[in-house]
Every structure is written in C-alpha cells, then in structure tokens.
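Student: Here is how the chains run, residue by residue.
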Amino acid sequence: MKKIVKFTLNGQPHVGAVADNILLIDYLRGMGLTGTKTGCDGGECGACTVLINDQPALACLTLAPTVQGARVETIESQSRGGGLSDIQLGFHHKLGSQCGFCTPGFIMAAEGLLRRNPQPNDEEIREALGSNICRCTGYVKIIEAVKWAAKERGRGVR
Amino acid sequence: MESLPDFDLIRPRTLDEAVKARQKFPGNRLLGGGTDLLVNIRRGIGDAPTALIDMTNIAELKTIKADAKKLKIGASVTIQEVADDSTIAHHYPAIAEAAASIAGPTQRAMGTLGGNLCLDTRCIYYNQSDWWRSANGFCLKYQGEKCHIALKSKTCFATYSGDLAPAAMVLGAEVEIIGPNGQRRLTLTDLYSGDGQNYLTLEEGEIITALSIKKEPGLRSGYEKIRTRQSIDYPLAGVAAGLCREGNKITDFHIAVTGTNPKPVLLDGTAHLVGGPLDDEFFNALDKLMSAQIKSMKTTLAPGNYRRKMAGVLARRLTKKLFDNYCQ
Numbered sequence: 000m001k002k003i004v005k006f007t008l009n010g011q012p013h014v015g016a017v018a019d020n021i022l023l024i025d026y027l028r029g030m031g032l033t034g035t036k037t038g039c040d041g042g043e044c045g046a047c048t049v050l051i052n053d054q055p056a057l058a059c060l061t062l063a064p065t066v067q068g069a070r071v072e073t074i075e076s077q078s079r080g081g082g083l084s085d086i087q088l089g090f091h092h093k094l095g096s097q098c099g100f101c102t103p104g105f106i107m108a109a110e111g112l113l114r115r116n117p118q119p120n121d122e123e124i125r126e127a128l129g130s131n132i133c134r135c136t137g138y139v140k141i142i143e144a145v146k147w148a149a150k151e152r153g154r155g156v157r
Numbered sequence: 000m001e002s003l004p005d006f007d008l009i010r011p012r013t014l015d016e017a018v019k020a021r022q023k024f025p026g027n028r029l030l031g032g033g034t035d036l037l038v039n040i041r042r043g044i045g046d047a048p049t050a051l052i053d054m055t056n057i058a059e060l061k062t063i064k065a066d067a068k069k070l071k072i073g074a075s076v077t078i079q080e081v082a083d084d085s086t087i088a089h090h091y092p093a094i095a096e097a098a099a100s101i102a103g104p105t106q107r108a109m110g111t112l113g114g115n116l117c118l119d120t121r122c123i124y125y126n127q128s129d130w131w132r133s134a135n136g137f138c139l140k141y142q143g144e145k146c147h148i149a150l151k152s153k154t155c156f157a158t159y160s161g162d163l164a165p166a167a168m169v170l171g172a173e174v175e176i177i178g179p180n181g182q183r184r185l186t187l188t189d190l191y192s193g194d195g196q197n198y199l200t201l202e203e204g205e206i207i208t209a210l211s212i213k214k215e216p217g218l219r220s221g222y223e224k225i226r227t228r229q230s231i232d233y234p235l236a237g238v239a240a241g242l243c244r245e246g247n248k249i250t251d252f253h254i255a256v257t258g259t260n261p262k263p264v265l266l267d268g269t270a271h272l273v274g275g276p277l278d279d280e281f282f283n284a285l286d287k288l289m290s291a292q293i294k295s296m297k298t299t300l301a302p303g304n305y306r307r308k309m310a311g312v313l314a315r316r317l318t319k320k321l322f323d324n325y326c327q
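Residue numbers (numbering that gives the first Met the number 0), protein chains in the order written: chain A, 0 to 157; chain B, 0 to 327.
I should point out that these hints are in silico values taken from the structure, not numbers from a laboratory. Among the hints, a few may not be true.
[As the list claims (entries may be wrong)] Here are the computed distance ranges between Cβ atoms for each label pair:
| hint | chain 1 | residue 1 | chain 2 | residue 2 | range |
| --- | --- | --- | --- | --- | --- |
| 1 | B | 15 | A | 29 | 30 to 40 Å |
| 2 | A | 3 | B | 46 | 22 to 32 Å |
| 3 | B | 130 | A | 139 | 29 to 39 Å |
| 4 | A | 68 | B | 271 | 21 to 31 Å |
| 5 | B | 204 | A | 68 | 23 to 33 Å |
| 6 | B | 268 | A | 29 | 26 to 36 Å |
| 7 | B | 227 | A | 16 | 16 to 26 Å |
| 8 | A | 7 | B | 291 | 54 to 64 Å |
Note that this is a predicted model, so its numbers are computed, not measured. Ideal Cβ placement from N, Cα and C applies to all residues, glycine included.
In isolation and in its complexed conformation, chain B is listed as follows (with noise of 0.2 Å):
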C-alpha cells in the first residue's frame, strides 16, 4: 500500500481544543482508532487530509455515564470497552452484542465508538488500491462518473456496514454534537443520508460527540449478523431488534439493519405489526417490510440478492429468539 501523505497530526486534550483544530485546519479529518481512516488514506480513497486530529486523547470523549433512565457513551469510548461494559450488557444487549461482534479482539481495542457510526460506506469498487481502481476505471464515490455497480444510477451505492448503528436505532439513540454553532443532538437515524457518496449529515466542522440512549423498561433488544469469517470481516448483513412482550402479544418491535444499504436502515413499518402473536401473519408482514426497504447491491463479493434474503432470515430468527425468552 501507498506510505501516507504528508500531514499535521494534532492531538487535542480538550473538546474545546478539537473543535479549534477543526476550524484551524481546513481539509482535517477526525482519528479515532484508525482502522478505517488509515487504512482509506493509504488507499488514496477520500481527498488526502491535510491535518488529523487524534481525538482518543480527550478524556471528556472517553467515559461511559448510566443511570437509571439514561446511558451515554463517549465518542472515543473503544469498542472493547462498550463490549466489556456490564451496565451496557445488562441494559441494552443489543449495544454489546453489535460491540463484540465487530472485527477482531485487536482492532476491537483499537476502534472507538465515533469512527464506527462515522465509519466510510464500502464498496469492491472502491475499497481497492488507487492503482486498481484507475485500472478498472474510477466510480462515482470518489474520482469517477460512473457507478459500477449501476451504470447509470446517479447515487452512489457503496454499503454501510457499521455494526453499533443499527443496535443503537432500535432503542431509539440520539448523537450529541458540537461544532463551530454551538451543541446539538440528532436522532441517529437522521445522521445518515442514504447516498452511498455523502453517507452523513454533518455539517463542516461538527464532532460527534457522544450516543445517549434512554432507558425504555420492558424493550429487549439483540444483535446478529453474518460474516464471511467469524472474525475480522466487515458484516454481510447485520440486524438488531428490539421488542416488548405482553402475555403472547408482541407490544413494540423495532428492526435495523446493516450491511445492505447506503444507510442502517431503521425498519419503517414495524409499528403495525405489533398487538397480535408471532404467528406466520407477523412474520409475512415483516418479510414485506424488509423485501421493500432492504436492497443490498452487488457492493460485496457475495451477491446482494444472498445478503437481502440473509437479513429476513436474521430478522426472523432474532426476533422469536427474543420473544420467547422475554422476561419481565
């Protein structure tokens, strides 16, 4: 791979001083772990940074806070760390099951909560060498016209494949910002504009700062994806859930998924199915919502159409797992 471009590596103790940089540094990108960014940099994919500023050194950005009502988790928080967490694990499972499912136990250690959510859709047209794809002719994400994959769609295609995303939509997460205007939160669905090119809704200059979530009693959330390998890969579909259960009647469901579109798509729809039983009525209905709404491209070495029907079958299985071993 290519050595690095030349740049200012800036490592800030204080949010304050990172949000300086931003505004000091035109053409900067944020660091979190690396096991993204670097990676993409060296591949000449995305314009060369002129600045990083390394944000696993503010201490405000590495703390997990939860109470009764609420957790919120710090953007430079590790990976690891939000796997290892037990309040997290006992409260909101779906949030450390997506966290230990991510890559390998290193990179795990080496990733923070903010690269995932920000982390670069994906593409086999694009995750490539800059020698490859000026061979292959360049795509519409980055230096190109065209997109491989449909030649003559005019958005860009290339897959979101992060894992705490979905786990965190279905309990209804929020981001909390900080930028050059002041602080603001968003909804984390709103985060993610479902072109493949401009995947996030960021303003210049705006720092993730941290994801909160509010504690919703009796909702049971889960996570599973499948991969090539059991270890390291990217998800070739990933899908959380979260329920409530009363009596034999589904009250709530939620469904997210990862690894097939543009975007982690939160399920639009799932509010009409509750109120009745799991019985083949549900699941009909859910294999409807998912067909309409989930449409993976041939961005991976799988085909999309494998990975469409894999994520029913996730939703399906991780939703009767969590009904019938609902607790109060």
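Just chain A, with the same shape it has in the complex (with noise of 0.2 Å):
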C-alpha cells in the first residue's frame, strides 16, 4: 500500500506518494539526497542520523511514511548558501573528518545537541554523540569540532 506523506524536508515543504514498506535513509538517498550514509543499516552505528522536529533520528530506521506532518533535516541543509555551516567548518578546523562517511551523522547529531544545549560540555557532546560510531579519528577531535562549532555559535556565527 502506497500512502501519501507531507513534511517539510530541509525548510521546503514536500509531498511524497510513498510505500508502507520503505525506509526513510532509501527514499531520502532514492531522491538524490545522497548525504545521509546507510552504515550498518541496522541502527547500531548513526552514519544515518537525520533530525526529524529538532531530534537525531536513525533514518535506517524510521518507516517513511511515519515522518507525516514532521520537520526533517539532512545533512545538505548545513548548506550556508555554498558555504560550510558552523559544524561543518569546526570538523574541518579540528580534522574531526578522515574518510568521512560517519560525518553526515556525526554532524546532524551534535546540530540536534547544539540547539538544545548551546553550550555543552565535554561530557554533554560525548553523551549525545554517544549513538555514533567514528572508525578513523577516535573521537577526541570530533569533540573539539563540535566545542569549537558551539563557540562560533555563541557568538552568532553561522
């Protein structure tokens, strides 16, 4: 069965004409939105990681047709016109990125922590990075990406 699904996808409002049976992270990629990485595919690694009303949520994981009425969030609205978004350049500044494919992730993760907790700490980011697995860096620089990104934020750098 094929329902039809309205939400807003990056700001833009989208109606979609979607099957019960697929995935948000296939209809996301299946509409060119080839940011947000399928890792493990079975939720245990957050490569897949969107916001859906502010919160990271596990794309993998999360039937399509369920995010009806809600706010979704990929990877490609950190767009600044072109340009890298505070998160982005902090992974950029700290080499928080290796080969990258956890970023998209890791990214939208620490975007759900920063609106919530503008100025978290080193344990607050461990903790709400926590569903996310990194295979290169070992984490340390991807918390001083996210500390820095938290510092451009506070004062009003975007």
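Using the hints, put the two standalone chains together into the complex.
Tutor: Written as structure tokens, this is what we have:
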C-alpha cells in the first residue's frame, strides 16, 4: 500500500507517494539526497542520523510514512549558500573527519545537541554523540570540532 | 541487509483502533521505535509480518502519571522520556538508571517502554542475516531443529537483554494489558515464560498498555550493567536491586538480573537473606542464590561464565552501594 506523505524537508514543503515498507533513508537517498549514509544498516552506527523535529533519529530504522507532518532535516540542510555551516567548519578546522563516511551522522547529531544545549561541556558532547561510531579519528577531534562550533555559534557566527 | 517485505503500515490514533487492527490484520506485529523489530524483520528472523501497527501515535499511551502512591508509564513513552522524568529519577531510581543506560541517545529517543519490555531474546546464532544462518544451519529459535549453544537442548537459550524489566521487577511492577477479551493486569515476572523461543506469555491479539508500580516508602533501588562498549551495546549482564535498611540491618531485599537467562530473573529466595547486617555471610548466601539461578550460556561473544560471574560482582557492588548510601 502507498501513502501520500506530507512533511517539511530541509525547510521546504514536500509531498510524496511512498510505499508502507520504505525506510526514510532509502526514500531520501532515492530522491538524490545522498549525503545521509547507510552504514551498518541496522541502527548501530549512526551514519544515517537525520533530524526529525529537531531530534536526531536513525533514518535506517524510520519508516518513511511515519514522518507525516514532521520537520525532517538532512546533512544537505547544513549548507550555507554553498558555504559550510559552523559545525562543518569545526570538523574541517579540527580535523574531525578522515574517511568522512560517519561525518554526516555526527554533524546532524551535533546539530541536535547544539539546538537543545548551545554550550555543552565535554561530557555532554560525548553523551550526545553516543549513538555514532567513527572508525578513523578516535572521537577526540570530533569533540573538539563540536566545541569549536558551539563557540562560533555562541558568538553569533553561522 | 535485505529490504523490508511488503506489509501494511497501520497508524491508529486510539487504543480502541489498535485493538481492532490487531484482529483485522492476521499476522501483524506491534511497532514501537522499531530499533529491535525492524532490524529483525530485515534479517528475516521471525515470520514476515503482513501488517505493522505503529503504536507511537496513540496519545493515551504516551503519558507518565505519578502521584503519592503509584507510578504509571504508558507503553509508547520513549525510553529517553523515562530517563529524563524527574519524579521517576527521584522515587524510582532503578527505572531511570536503567532507561539512561539503554543503547545510545538516538536509540533511546526512538525506542519505547513497551518495545523494551517486549525486546526479542538474542543469540549470536539468531541475530544474524538470513544467508549467515542458512550457511551455518538454522537454529531452534527460528526455522531450525537444533540449538547451536546446547546441541541436545529441546529449549531455546536465547538471552533476554531488556534493561527496564529487571529494574521494574525489584519494585514489584505490574503490566496493564488490553486484548480482544478486555483488560487484565499481570505481575511483570509473569510476562516472561523462561523459554527463549516463545519468551512472552501474552495471548494472541493482546497489547501492553502501561507499566504500573506502587510506591514502597523506604525501598531504595538502583541499576548497574556491563557491556562491551559504554554505548549502543546490549548488556552482557545487568543487575537491579531494591532494599530497605533499619539501623545496621537489611530489612527488605530484591535482586533482578538481565542479559543472562532467556528471561529477566527476579532472584528467588532473597527474603531469607534479610534481618541481619550486610556481612560476609549475607554476601556468600547472595552468591549462592545467584550461581544457582543465573545461567548464562554462550549466546554472546563474551563467554557465558564471564557474564555469570560479572552478574555476581554487580549484585554485590550494587547492594553494598545502596546499603551504604541509604537515607530515610
């Protein structure tokens, strides 16, 4: 069975017809938003993290029809007129990204954190990124990147 | 992983609609956050559902109600909401500590109380892809004839790994259930059968609607667990304890363990341990109860014996902590 699903995607109203058994990650990637990555594909790695109503969610465990009426944001929403967002700049400056596959998930989890807690301490950052796995950098650089971004955002730079 | 099979997604807005949907669509499954169920469906473990009934849109299942005498948590309340609730943290700390320790923050925000209570039992021979299991030979829990953990076993040893159940058990929790034949209540310990295969005692078409706990003044509780990493992983062993203290004596004592047996185990015989101080004799008797009733098999990559011993360590450690920090 297919359902008409209406939601806000990266700030724009979106309407689509989607089968009941389609996962959000496949729906997003199928429409060209390939920034969201399929990692473990089983809810264990966080590479597919998107924001649903400001809350980080695993797109690989979300059925697409269930985002009816919600606000969905993907890594593509971070772009600032072709430039990088504060969190993306943080990952760039602090070398928070190596192979880059986990990075979209980490950035969206960090975005969720900074919206509810603009000035997190190290422990709060660690806790908020606890659903995301990176196999390259070892997390120290990622935590520095989020701290850098929080500082920038605190100064009103985005 | 495989794509999801075809199914109808039903999104009831009321409990009544959900009960009717369970009857209307044979072969349905209830969907909470999907963090356990959707992964299992994609791995082809358990029969493919013909319909998924999304329980997260039902307002009456999404409330936490607490008064001076009792606590009631709706089945669709998320695990993060349980962890964040200040009343639960203050009066029923084992529940809050268990909730805060589940998986990672993103999974907690998706997963529900009802889903965690009904978490499928797990085993390294079961939680694998279809091609892995077909190559290795299917197992007793699903599609196969034999248990790869204990070759001669007639029953399944897949391990129950939910964190909330043991925490609620030491507080004497009950579950509220609705089904085609109306409502009923069940002591939480009676929800679990002890068989890894058919691990719940729910009848066809029944739905858990809430967890309810009576407040016991003086009962102090907590939860501790070990896992391979400090996030995301299921517990290798998890222990909840609840106790009362008068002077130097322990006057009430309950222990429940997860991650070891095919069900969460509320330790039998703890009533005989109370009345004295927390001395070597007490802990030796506790060790005996634990080693007789906690039977972890090699259902995880960590050896069963290690998990059994660690459950004992956690039980001692948590009991001592609650006793030492006890305040009226």
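Student: Can you list which hints this structure breaks, lowest number first?
Tutor: Numbers 4, 6, 7, in rising order.
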